[in-house]
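Novice: Please take these sequences and the hints and turn them into a complete structure.
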Amino acid sequence: MVATPEKQQHTHQQLSRQDRVAVLLMGYGEVESYEDFANYNEQALNLLTAKFAPVPTWIYPPLAKLLALFDRHEWGHTHHDFISPHNAIFEQQRAGIEKNLQALWGDKVKVFKAFNFCAPHLPHQVLAEIKNQGFEKILIYPLLVVDSIFTSGIAVEQVNEALANIPDGEEHWVKGMRYIPSFYNEPSYIKLLAKLVEEKITTDLGVAYLPSQIGIVLMNHGCPHKAKGFTSGISESQVLYDLVREELIHRYPLISVGWLNHDTPLIEWTLPNAEQAASNLIQLGAKIVIFMPIGFATENHETLLDVHHIIHALEKKHSGVNYVQMACVNDNPEFLTMAAEWANTHIAELMNGEIMAVNPQLALNHHHHHH
Numbered sequence: 001m002v003a004t005p006e007k008q009q010h011t012h013q014q015l016s017r018q019d020r021v022a023v024l025l026m027g028y029g030e031v032e033s034y035e036d037f038a039n040y041n042e043q044a045l046n047l048l049t050a051k052f053a054p055v056p057t058w059i060y061p062p063l064a065k066l067l068a069l070f071d072r073h074e075w076g077h078t079h080h081d082f083i084s085p086h087n088a089i090f091e092q093q094r095a096g097i098e099k100n101l102q103a104l105w106g107d108k109v110k111v112f113k114a115f116n117f118c119a120p121h122l123p124h125q126v127l128a129e130i131k132n133q134g135f136e137k138i139l140i141y142p143l144l145v146v147d148s149i150f151t152s153g154i155a156v157e158q159v160n161e162a163l164a165n166i167p168d169g170e171e172h173w174v175k176g177m178r179y180i181p182s183f184y185n186e187p188s189y190i191k192l193l194a195k196l197v198e199e200k201i202t203t204d205l206g207v208a209y210l211p212s213q214i215g216i217v218l219m220n221h222g223c224p225h226k227a228k229g230f231t232s233g234i235s236e237s238q239v240l241y242d243l244v245r246e247e248l249i250h251r252y253p254l255i256s257v258g259w260l261n262h263d264t265p266l267i268e269w270t271l272p273n274a275e276q277a278a279s280n281l282i283q284l285g286a287k288i289v290i291f292m293p294i295g296f297a298t299e300n301h302e303t304l305l306d307v308h309h310i311i312h313a314l315e316k317k318h319s320g321v322n323y324v325q326m327a328c329v330n331d332n333p334e335f336l337t338m339a340a341e342w343a344n345t346h347i348a349e350l351m352n353g354e355i356m357a358v359n360p361q362l363a364l365n366h367h368h369h370h371h
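Numbering of the sequence shown is given in full-length UniProt numbering, commencing with residue 1 and proceeding in unit increments.
Relax, there's no trap hidden among the hints.
Result set (EDC-like, lysine to aspartate or glutamate): computed pairs, CA atoms no more than 16 Å apart in a straight line: (1) Lys65 <-> Glu35; (2) Lys195 <-> Glu247; (3) Lys110 <-> Asp19; (4) Lys287 <-> Glu315; (5) Lys317 <-> Glu275; (6) Lys175 <-> Asp19; (7) Lys191 <-> Asp242; (8) Lys175 <-> Glu349; (9) Lys287 <-> Asp204; (10) Lys65 <-> Asp36; (11) Lys191 <-> Glu334; (12) Lys110 <-> Glu98; (13) Lys99 <-> Glu334; (14) Lys110 <-> Glu341; (15) Lys108 <-> Asp19; (16) Lys108 <-> Glu98; (17) Lys195 <-> Glu246; (18) Lys226 <-> Asp263; (19) Lys110 <-> Glu91; (20) Lys108 <-> Glu349; (21) Lys131 <-> Glu171; (22) Lys175 <-> Glu354; (23) Lys226 <-> Glu268; (24) Lys131 <-> Asp19; (25) Lys99 <-> Glu341; (26) Lys195 <-> Glu334; (27) Lys200 <-> Glu247; (28) Lys191 <-> Glu247; (29) Lys191 <-> Glu246; (30) Lys99 <-> Asp331; (31) Lys316 <-> Glu275.
With beta-carbon atoms standing in for the labels, derived distance ranges: (32) Ser212 <-> Gln133: 50 to 58 Å; (33) Ser212 <-> Lys191: 20 to 28 Å; (34) Gly320 <-> Gln102: 49 to 57 Å; (35) Ser319 <-> Lys191: 30 to 38 Å.
Hint data in this document are derived by calculation from the structure and do not stem from the laboratory.
Where a beta carbon is used, it is the ideal one built from N, C-alpha and C, also for glycine.
Specialist: This is the structure in structure tokens:
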């Protein structure tokens with residue numbers, strides 16, 4: 001049988017699609033207009049809080065509006081019309097990771113960003129664009145929080161919801177999928193975090209303090225102890241802290257984990273929180289305390305405003321101690337290079353793996369019958 005030019009062209013298009021991978025880089029996103037606070041909070045309550053807080057869903061809309069008033073006061077009045085830099089930094093991360101990936105893969109790989117809570121980059125919007133651009137293979141890559149399948153898992157939840165609602169034919173348009181849940185134990189990330197702390201001490205602090213007088217609070221994303229059976233991220237975050245601590249402890253003995261918790265009523269959160277951690281180090285003789293976020297890859301209002309409040313409270317209690325607030329890895333070139341490298345294996349598997357053919361209609365009648 002001889003292939004006609006039309007069939008050859010169709011086959012070529014199919015092969016070219018199968019050789020391409022869309023990397024779906026996912027973060028929370030943060031509001032850039034104060035009018036969006038209530039909508040943002042309602043989505044966060046539905047996706048995050050509902051998994052661990054005993055709060056009925058009917059209360060989410062009014063609660064979101066109430067929280068928006070507090071947010072407006074804090075961001076607007078207390079912090080001089082603060083606008084989070086998160087979205088801009090996340091775009092720099094997306095562009096940097098894409099540049100590193102395309103240096104190896106060319107235009108066969110493209111990096112898309114999606115925000116869990118912020119239009120016009122909500123997952124369903126971005127996935128529709130990925131489909132429109134002809135991609136059939138996807139690498140889901142949560143980037144903001146370095147903990148676990150709990151916060152990264154909401155990315156999968158939103159992807160699944162979007163894929164179920166995007167119109168499709170008999171066979172699903174997605175032909176391959178991979179997932180990077182976290183990089184909490186990646187040696188290159190651990191060493192970069194430790195190096196950033198050591199460089200800060202060497203450059204700015206070393207001549208003024210003995211090593212035993214320098215307190216280091218390594219800040220993780222706060223986790224609830226009970227999350228309705230979900231893996232909450234405590235184990236992964238604890239491993240992350242232990243590994244970074246091991247890199248530093250022999251030179252700088254005063255190190256503590258500090259959890260950036262949300263003060264939610266009725267919820268038991270990870271301890272010590274960052275303020276208590278700093279107080280403990282001060283009691284042990286710290287004359288200066290460094291706050292280094294390790295559980296966040298991207299700057300956001302928690303790493304900026306929450307830590308600012310913590311330092312302000314500590315200054316009132318311990319006026320003779322100095323404090324240093326460090327940044328997340330953000331668009332550090334070393335981080336963008338390693339973040340691309342972590343994706344390379346999965347991209348290769350997607351390109352070289354067998355084509356996945358899924359027919360959603362076949363799942364409708366798979367009920368278990370006991371005879």
